[in-house]
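*Asks:* The listed protein sequences correspond, in order, to chains A and B.
One rule links them: number in my numbering = place in the first sequence (from 1) + 25.
One rule links them: number in my numbering = place in the second sequence (from 1) + 2.
No lab work stands behind these hints: they were computed from the structure.
Any given hint could be a false lead.
[To be verified] Derived CB-CB ranges, DEER-like:
#, chain 1, residue 1, chain 2, residue 2, range
1, B, M3, A, A66, 16 to 26 Å
2, B, L153, A, G164, 53 to 63 Å
3, A, D87, B, G124, 35 to 45 Å
4, A, V49, B, P17, 49 to 59 Å
5, B, V94, A, E290, 48 to 58 Å
6, A, D89, B, G83, 51 to 61 Å
7, B, G119, A, D87, 25 to 35 Å
8, B, R117, A, A261, 41 to 51 Å
9, A, P46, B, M3, 19 to 29 Å
Ideal placement from N, C-alpha and C gives every residue a C-beta, glycine not left out.
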Amino acid sequence: MNGYYRPGSVREAVAFLAGNPEAVVIAGGTDLVIDRRLGRADPQAPLVDVTGIDELRGVRWDGDELHLGATATVREIESDPAVIVRASALAEAARVLGSVQIRNMATLGGNLCTASPAAELAPPLMVHDAVAAIQGPNGERRQAVADFATGPRTTILGTGEILTNVRLRAPALSGSCYLRQTVRWAMDLAGVGVAAWVLTDRTGREAAVQEARVALGAVAPTAVLVPGLESLLAGAPPTTERLGAVSAAASAACEPISDTRGTAEHRRHVAGVLAARALSIAHARAAGLWPGGLAPVNGRAPAAASSGARA
Amino acid sequence: MRISITVNGDPVVRPVDPSDTLLSVLRGQLHLIGTKWGCLTGDCGACTVIVDGRSVVSCLQTVGQIDGAEITTIEGIAGRGRMMNDLQEAFVTHGAAQCGFCTPGMVVAAEQLLRDGVEPDGAAIREGLAGNLCRCTGYSKIIDAVLSVALARME
Ligand SMILES: Cc1cc2nc3c(=O)[nH]c(=O)nc-3n(C[C@H](O)[C@H](O)[C@H](O)COP(=O)(O)OP(=O)(O)OC[C@H]3O[C@@H](n4cnc5c(N)ncnc54)[C@H](O)[C@@H]3O)c2cc1C
Ligand code: FES
Ligand code: FES
Chain A
26 MNGYYRPGSV REAVAFLAGN PEAVVIAGGT DLVIDRRLGR ADPQAPLVDV
76 TGIDELRGVR WDGDELHLGA TATVREIESD PAVIVRASAL AEAARVLGSV
126 QIRNMATLGG NLCTASPAAE LAPPLMVHDA VAAIQGPNGE RRQAVADFAT
176 GPRTTILGTG EILTNVRLRA PALSGSCYLR QTVRWAMDLA GVGVAAWVLT
226 DRTGREAAVQ EARVALGAVA PTAVLVPGLE SLLAGAPPTT ERLGAVSAAA
276 SAACEPISDT RGTAEHRRHV AGVLAARALS IAHARAAGLW PGGLAPVNGR
326 APAAASSGAR A
Chain B
3 MRISITVNGD PVVRPVDPSD TLLSVLRGQL HLIGTKWGCL TGDCGACTVI
53 VDGRSVVSCL QTVGQIDGAE ITTIEGIAGR GRMMNDLQEA FVTHGAAQCG
103 FCTPGMVVAA EQLLRDGVEP DGAAIREGLA GNLCRCTGYS KIIDAVLSVA
153 LARME
């Protein structure tokens with residue numbers, strides 16, 4: 026029988042990992058159980074099951090700050106009514122991850138710690154400027170989610186460290202959106218995933234962009250923030266011309282590969298298209314122009330945002 | 003490790019390797035072989051069971067994590083003393099099973115979807131069952147069966 030430990034607190038988990046450096050954290054198991062069976066992870070390594078730790082659980086709002094426990098499930102995130110309205114990109118990414126069964130098991134922490142280039146929750150958390158809390162032998166440290174993954178399947182976590190929570194703020198006059206392009210409608214990894222976040226100066230059609238961020242998934246070794254958007258967008262509404270510049274900047278920020286989910290060229294093009302579309306939806310949400318509800322899946326534009334062209 | 007769980011209403015106490023999957027314990031130790039052994043990668047849904055009111059793929063669920071849980075498999079879906087429930091009957095009347103391999107997982111996933119109050123709408127049911135593959139039926143009859151029960155249970 027392999028070692029298995031189910032700590033009741035973060036302190037116990039960290040102490041166990043300090044004494045057993047070969048031990049591996051398990052949360053939902055939807056990546057790890059497969060990796061162990063296929064030999065991509067050591068099947069003999071002792072498991073530290075963090076799902077019994079109360080302080081790592083749940084989705085909670087404290088004013089305009091969203092607190093996501095590391096073991097919050099993807100299903101909990103997509104179902105939170107305030108996440109749907111105030112951190113829409115996160116809800117839109119959560120609801121397209123895997124199937125109901127997978128989302129019932131899969132956790133936020135597991136998604137970030139696996140650090141797949143296509144990790145669904147990374148781009149929305151990055152545009153929301155989310156901060157990860159990490160606990161380890163040397164106490165707690167915090168790091169922007171944008172700096173968490175360092176490459177495909179590698180993160181900044183050191184030996185014995187665990188991710189404990191992720192926090193972000195969703196201020197008034199802000200809005201976000203996540204769109205992805207897939208070959209199949211469901212149960213597929215993103216060919217391209219794009220999150221956008223906008224802060225405006227007022228509501229209504231004339232609302233000018235104050236701050237904006239766009240992050241791209243599945244088009245580089247890690248999810249990436251598109252640089253230089255502030256100068257393209259700040260001080261005015263996102264006109265067609267400005268959105269064109271956002272598309273070009275997004276395409277330029279890609280370092281895609283070609284695989285079964287698309288050629289590099291196709292991915293670069295789609296990233297640009299979806300960036301403009303996601304940004305205009307994020308702006309509509311920030312400016313109070315969005316009718317409510319989530320955007321259609323698979324990057325299809327709602328009638329309100331474009332002529333209905335397909336991604 | 004010794005776990006104590008409830009399976010289809012019966013208490014079960016067993017020594018297990020906590021890193022074993024629920025699927026292998028159900029089939030190998032408890033001989034509940036209605037839950038199917040399909041892809042083992044979470045993709046096909048043939049191994050779907052209900053754990054504490056949530057559908058999960060038992061091929062990826064380690065048993066150490068569910069000590070104390072209440073589990074329902076296809077063998078317990080109808081409830082005690084009944085052959086079939088309304089959903090299972092609807093699968094029969096709609097011809098929603100051919101080879102039958104996907105059927106247990108499909109029924110269990112659909113039952114939990116119905117308990118969660120899925121909209122009586124083909125698109126919502128399709129989305130809810132996206133994690134259950136069927137190589138035979140083309141899905142339409144399965145969706146029709148689930149839809150008929152969603153509507154009937156609203157009355
Ligand atoms: C059929 C299927 C479909 C999928 N579809 C998608 C998809 O569309 N998009 C997508 O992004 N992913 C998808 N996934 C991948 C997976 O479900 C997600 O990455 C999920 O969020 C992983 O979470 P988990 O809790 O299951 O992680 P686990 O498997 O428990 O852990 C994953 C890794 O993270 C580490 N870890 C977990 N929690 C912590 C922590 N708190 N601190 C430190 N390390 C930790 C573990 O040691 C392990 O290395 C899919 C998986 C399957 C099986
Ligand atoms: S056997 Fe579990 S999902 Fe296929
Ligand atoms: S009936 Fe054969 S796989 Fe569905």
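*Asks:* Evaluate each hint against the coordinates.
*Replies:* Structure-based check of all given hints:
1. For the pair M3(B) and A66(A), the supplied restraint of 16 to 26 Å holds, since their beta-carbon distance comes to about 21 Å.
2. One distance hint, 53 to 63 Å for the beta-carbon pair L153(B) and G164(A), holds here, with the actual separation near 56 Å.
3. Against the hinted window of 35 to 45 Å, the Cβ-Cβ separation of D87(A) and G124(B) comes to about 40 Å, which satisfies the hint.
4. V49(A) and P17(B) have their C-beta atoms about 23 Å apart, which leaves the hinted 49 to 59 Å range violated.
5. Taking the beta carbon of each, V94(B) and E290(A) are about 50 Å apart, inside 48 to 58 Å as hinted.
6. A C-beta distance of roughly 53 Å is found between D89(A) and G83(B), which places it inside the suggested range of 51 to 61 Å.
7. As the Cβ distance of G119(B) to D87(A) is approximately 29 Å, the hint placing it in 25 to 35 Å holds.
8. For the pair R117(B) and A261(A), the beta carbons lie near 50 Å from each other, so the given range of 41 to 51 Å is met.
9. Remark: the range hint 19 to 29 Å for P46(A) to M3(B) is upheld by a beta-carbon distance near 22 Å.
Consistency note: the structure conflicts with earlier hint 4 alone.
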